[in-house]
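Sequential numbering of the sequence shown, starting at 1, is according to the working numbering.
Please note: incorrect hints may appear among the correct ones.
[As the list claims (entries may be wrong)] Simulated crosslink set (DSBU-like; lysine-lysine; CA at most 35 Å straight-line):
#, residue 1, residue 2
1, LYS77, LYS13
2, LYS13, LYS118
3, LYS274, LYS264
4, LYS138, LYS219
5, LYS264, LYS80
6, LYS188, LYS159
7, LYS13, LYS80
8, LYS17, LYS80
9, LYS118, LYS168
10, LYS264, LYS17
11, LYS80, LYS115
12, LYS129, LYS80
13, LYS326, LYS274
14, LYS17, LYS129
15, LYS13, LYS219
16, LYS129, LYS168
17, LYS77, LYS213
18, LYS274, LYS4
19, LYS77, LYS4
20, LYS219, LYS188
21, LYS4, LYS80
22, LYS274, LYS261
23, LYS326, LYS188
24, LYS118, LYS129
25, LYS274, LYS219
26, LYS4, LYS129
27, LYS168, LYS274
28, LYS115, LYS261
29, LYS261, LYS129
30, LYS17, LYS4
31, LYS261, LYS80
32, LYS274, LYS118
33, LYS185, LYS168
34, LYS77, LYS129
35, LYS4, LYS213
36, LYS219, LYS168
37, LYS264, LYS219
38, LYS261, LYS13
39, LYS138, LYS77
40, LYS261, LYS168
In case anyone wonders, no lab produced these hints; they're calculated from the structure. Just so it is clear, the structure is predicted and the values come from calculations on it, not from any experiment.
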Amino acid sequence: MHQKVALISEIIKAGRKSLEERGFTEVVVPRIVRATGACENVNTLFEVSSNKDFKWFGSNSYLAQTGQLYLEALVPKLEKVYCAGPSFRAEPAVDSRHLTEFFMMEIEFAGDFNKLLKEIETFIKDIAKSLVNLSAQKDLGLSAETIQRLASCPDVFTKLTYDEAIAKLTELGEQIEWGDDISSKQEKILVEHFGNQPMFITRYPDPMTDHGKEIEVEKFFNMLPDPENPGRVLSSDLILPFGGESVGSAARVHLAEEMVKRLKNSRMFQRLEKLGGSIDDFSWYIEQLNQGSVPHAGCGFGMARIIQWIMGTTDIRQAVTFASNKGGII
1 MHQKVALISE IIKAGRKSLE ERGFTEVVVP RIVRATGACE NVNTLFEVSS NKDFKWFGSN
61 SYLAQTGQLY LEALVPKLEK VYCAGPSFRA EPAVDSRHLT EFFMMEIEFA GDFNKLLKEI
121 ETFIKDIAKS LVNLSAQKDL GLSAETIQRL ASCPDVFTKL TYDEAIAKLT ELGEQIEWGD
181 DISSKQEKIL VEHFGNQPMF ITRYPDPMTD HGKEIEVEKF FNMLPDPENP GRVLSSDLIL
241 PFGGESVGSA ARVHLAEEMV KRLKNSRMFQ RLEKLGGSID DFSWYIEQLN QGSVPHAGCG
301 FGMARIIQWI MGTTDIRQAV TFASNKGGII
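Take these sequences, add in the hints, and give me the full structure.
The structure is reproduced here in structure tokens:
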């Protein structure tokens, strides 16, 4: 256990160092929030209450899943910001891939989609390089094979568009159609096919576009449409060996009117209304955008899945000090 604690500590330190050296400012964001602290699915929020007859924010309040929108609000002034802390998910699954609480590091910065992918590559590569160097000085419990694998991490990762990923999976014999979500099993097939190294799946279907069919794949509401590929958004998932989908990222919509339109037409908002929420849950964020924003992009690093990749384990419960899921604390 003590070796794992030391390893996780070094990974978090290496991640922070990577961001700090690139000029990111750390921000302490709220962890008890309204719906602005949700990712794609508000139904996986943990509701917070100390008194059933009193609503702290005049509406339901929740444990935060993400600090994204708070970071976005600071980009126009600070340009490069990040936060680090727990993400809480009311995940129903009790398995090797899901936790109810895990550590996340998130960035937002003034820049475009291509710059975003480079920032992610640098973050992952910096952590791998740091651990390789540290392993020459102290025993972190990493095997010689693991250290060699980390040392071989490329500077530039393989990149497939969602359309290319679906075509490749079909070619490899998978039963999958355009518009389907790519399963963790299928992510593994792609990673193995392309040499067992980190890889990006980019440009997912835009949920605001009429594709002539219901699409299963679902992304956050304020992803920027790709001007060169109609019906797609400038989004990406980083797929890691062992860990699978580990980093969700996108260029963001920064114009208030367009953002509100996308929010109101999202599945996330439909679910929120069923929970008694409304557009008022996002009032402070909309106000910030109305004051003026800039083109920006960002991502969330799921550190437990990054740690899985480093450790070489397919079980996320092995990549945290105290694992928690619907079954309890492990």
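**Message:** Can you confirm whether the C-alpha distance between LYS77 and LYS213 stays at or below 35 Å?
**Reply:** Violated - the C-alpha atoms of LYS213 and LYS77 are around 41 Å apart, more than 35 Å.
**Message:** Between the alpha carbons of LYS17 and LYS129, is the straight-line distance 35 Å or under?
**Reply:** 12 Å, holds
**Prompt:** Within 35 Å, alpha carbon to alpha carbon, are LYS77 and LYS129?
**Reply:** 32 Å, holds
**Prompt:** Is the Cα-Cα distance between LYS129 and LYS80 35 Å or less?
**Reply:** Within the cut-off at roughly 23 Å; holds.
**Prompt:** Between LYS77 and LYS13, does the CA-CA distance stay at or below 35 Å?
**Reply:** Status holds; Cα separation ~26 Å.
**Item:** Distance restraint between LYS4 and LYS129, which requires alpha-carbon spacing of 35 Å or less
**Value:** Holds: LYS4 and LYS129 sit about 18 Å apart, inside 35 Å.
**Item:** Straight-line alpha-carbon gap LYS4 to LYS213, limit 35 Å
**Value:** 46 Å, violated
**35 Å Cα cutoff - pair LYS264, LYS80** = 28 Å, holds
**Asked** Are the Cα positions of LYS261 and LYS168 separated by 35 Å at most?
**Response** 34 Å, holds
**Distance restraint between LYS115 and LYS261, which requires alpha-carbon spacing of 35 Å or less** = This hinted pair holds, its Cα atoms lying about 26 Å apart.
**Item:** Pairwise hint evaluation, LYS129 against LYS118, where the allowed Cα distance is 35 Å at most
**Value:** 16 Å, holds
**Asked** Within a Cα-Cα threshold of 35 Å, do LYS138 and LYS77 meet the stated pairing?
**Response** 41 Å, violated
Hints 4, 10, 17, 18, 19, 27, 29, 32, 35, 38 and 39 from the earlier list are contradicted by this structure; the remaining hints agree with it.
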